[in-house]
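Asks: The listed protein sequences derive, respectively, from chains A and B. For what it's worth, this note's numbering labels the leading residue of the first sequence as 166, then goes sequentially. For what it's worth, this note's numbering labels the leading residue of the second sequence as 323, then goes sequentially.
To be clear, the hints were calculated from the coordinates, so they are not data collected in a lab. Fair warning: there could be bad hints in the mix.
Heads up, simulated DSS-like pairs for lysine-lysine below, C-alpha to C-alpha not over 27 Å straight-line [stated by the list, open to error]:
id, chain 1, residue 1, chain 2, residue 2
1, A, LYS170, B, LYS473
2, B, LYS352, B, LYS422
3, B, LYS439, B, LYS502
4, A, LYS498, B, LYS439
5, A, LYS168, B, LYS439
6, A, LYS170, B, LYS469
Predicted model, so just to flag it, every value in this text is computed and none were measured.
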Amino acid sequence: MTKKKETIINVALIAGLLVILYIMEQLMNPTDMIFTVLKKGAIYALVAVSMNLLNGFTGLFSLGQAGFMLLGAYTYGILTIPTEQRESVYQYFDGGIVQFAVPVAIGILAAGVVAAIFAYLIGLPVLRLKSDYLAIATLGFAEIIRAVFQWDKLGPLTNGSNLLRSYPTFKSVLFPFIVSGICIAVIVMLINSTYGRAFKAIRDDEIAAEAMGINLAHHKRIAFTVSSFFAGISGALLAMYQTTIQASMFKSAMTYEILLIVVIGGIGSVTGSCISSFLFITCSEWILRFLDNDTYIGDFHVPLLRSGFRKVVFSIIIMIIVLFFRQGIMGTKEFSVAGIRNFFVRKSNKEKGRKLQ
Amino acid sequence: MSEHVLKVENATMQFGGVVAVDNMNIVVDKGEIVSLIGPNGAGKTTAFNVITGVYAPTNGAVYFNGKKIIENHPQGKMKKLYQGQNAGKYTHVLAPTPDKITQLGIARTFQNIRLFKSQTVFENILIAKHLRRTSNLFTATFHLNGKEEQKMREDATHLLEIVGLKDERNEMATSLPYGKQRRLEIARALATNPSLLLLDEPAAGMNPQETDELTAFIGEIRDNFGLTIFMIEHHMDLVMEISDRIYVLDFGKPIAEGVPEEIQNNQRVIDAYLGGAADE
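Just need the whole structure built from these sequences, with the hints factored in.
Replies: Quick look at the structure:
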């Protein structure tokens, strides 16, 4: 199959998916659980892929994703709240200091840019660290950012520990799909470029990569900044989905959820991250909800089922995956039309071979 | 002076109180194959690491094509600890990272092969083409550098043909047999368009037949690519056959230098290193 043909098929598949989503939206009840899953799944897919770019493709174990999402969410909220609403949103801070509003598209872009700028600055000292130390430093950054944004003195900008609300949001499920889709496509293009190859070289062997003339500091900084840019955008999308922003939403538990998605999907597989993102959101928002509710069968109180038990189950799942299925769903492979075709062709060839024997 | 491709001048590398390389002077001229030999722990790989920027020397300088690329002098607590010579001679600090050295045109291979494990043979070569790129992050991501990308791929394909790995193009690098992995690592170094190639024990772990093939191969690439080669090696057959000159290192100190015949007959070298081999 030629590359061109493959691209055409992929584009057709994506267009088909969008049409199906559109039809679903016209026919089904908009409060149906499936739309929650699809919206949140698309947003998490983007942040998971951005995390995979770092952890899976460049080999940098970073846990700062929630911090960059927070930056993105706040940037979007602060910049897009309509001027007439500001008085009521910033009621304790005299309407805040930002007295203008930008269009949605610029707000989303600014969310990414602000996250990227912070990532660049933090990357200068932090990216000298390796593996676990890098993880601890980035995790610490995310926690500090969360605390700083709740600080009263920054109230005129961030509204302190109060909610940000009344900014433009989306209703249609198509919106997060299109934005995430474009962003993921850009990340995939980056991974397939000469820079992506350099990232993978750094992941495989830093010393050899450096001996091949790859500037480690420069390339790590690129990966970190680009990854944070897209985490910022997904933060803006999450803010739109939630309709309110509060710094306490972006706990480190959120980073662990994203890490769980990346690990389940396969570290180093973009499509794996996307698939597992929808899988994870389906489980956590829908199918496994019952784990959090006290349940009675007749008079019998089912043990263990209570608020928070879902998290225990997820912890056990991640342990099982790390211990026994380290490859995740996809490993480092990608889901593609050509791949499926090859799979079936090979299978039928094998069968032919068997018949001949 | 400018005719020397590589000139290592008074290089001393001291780790704490241990002097790994002591006042080493080496010159390599254009088109030569020069070998560095010596017993285990003599400081050969350390010398390579100094030249390629992995370590900044404690004292001394390195010149490449007449241009000073590395210079250092004892600093901080090393000032007191320093046991070498020429302590006051160097005053500047010039310590580029290994990627800058490769950029200048010095490529190397490693003693224990370091290929990119999750990549195919072709991709291993392609990665080495990254450093001569003219595209930036934006043009590369949005595939606006089609011509350059095509050129990279063509060059890499061409290189695979030259080194005889054309048929293994899409195999995983680590699935190759040992001899071919060595060959691939050399090819990958060649892909960075070097003028000086440093080989760290290219024949390590090879059987006699593979060693013969490698000997021919090294001669070939020197001629085809107009290279200068500086290598560390233990296989004396290989060293004596292809070296134009040989340096012998013992306990970090250069003890002899000369053409293969001189080295074979040098009493100090025989005592320190060749002795055992001569008895066989």
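Asks: Each hint should be assessed against the structure and marked as holding or not.
Replies: Verification of the supplied hints:
1. For the hint pairing LYS170 (chain A) with LYS473 (chain B), the CA-to-CA distance comes to about 23 Å; that is within 27 Å, so the pair holds.
2. Restraint check for LYS352 (chain B) and LYS422 (chain B): satisfied, since their Cα atoms lie roughly 21 Å apart, inside the 27 Å limit.
3. Annotation: proposed proximity of LYS439 (chain B) to LYS502 (chain B) holds, straight-line Cα distance about 14 Å (limit 27 Å).
4. Distance restraint check for LYS498 (chain A) and LYS439 (chain B): the Cα-Cα separation of roughly 15 Å lies within the 27 Å cut-off, and the hinted pair is therefore satisfied.
5. For the given pair, LYS168 (chain A) sits about 26 Å from LYS439 (chain B) by alpha-carbon distance, which is consistent with the 27 Å threshold.
6. A C-alpha spacing of about 21 Å is found between LYS170 (chain A) and LYS469 (chain B), which places the hinted pair at or below 27 Å, so the restraint holds.
Hint violations for this structure: none, all hints satisfied.
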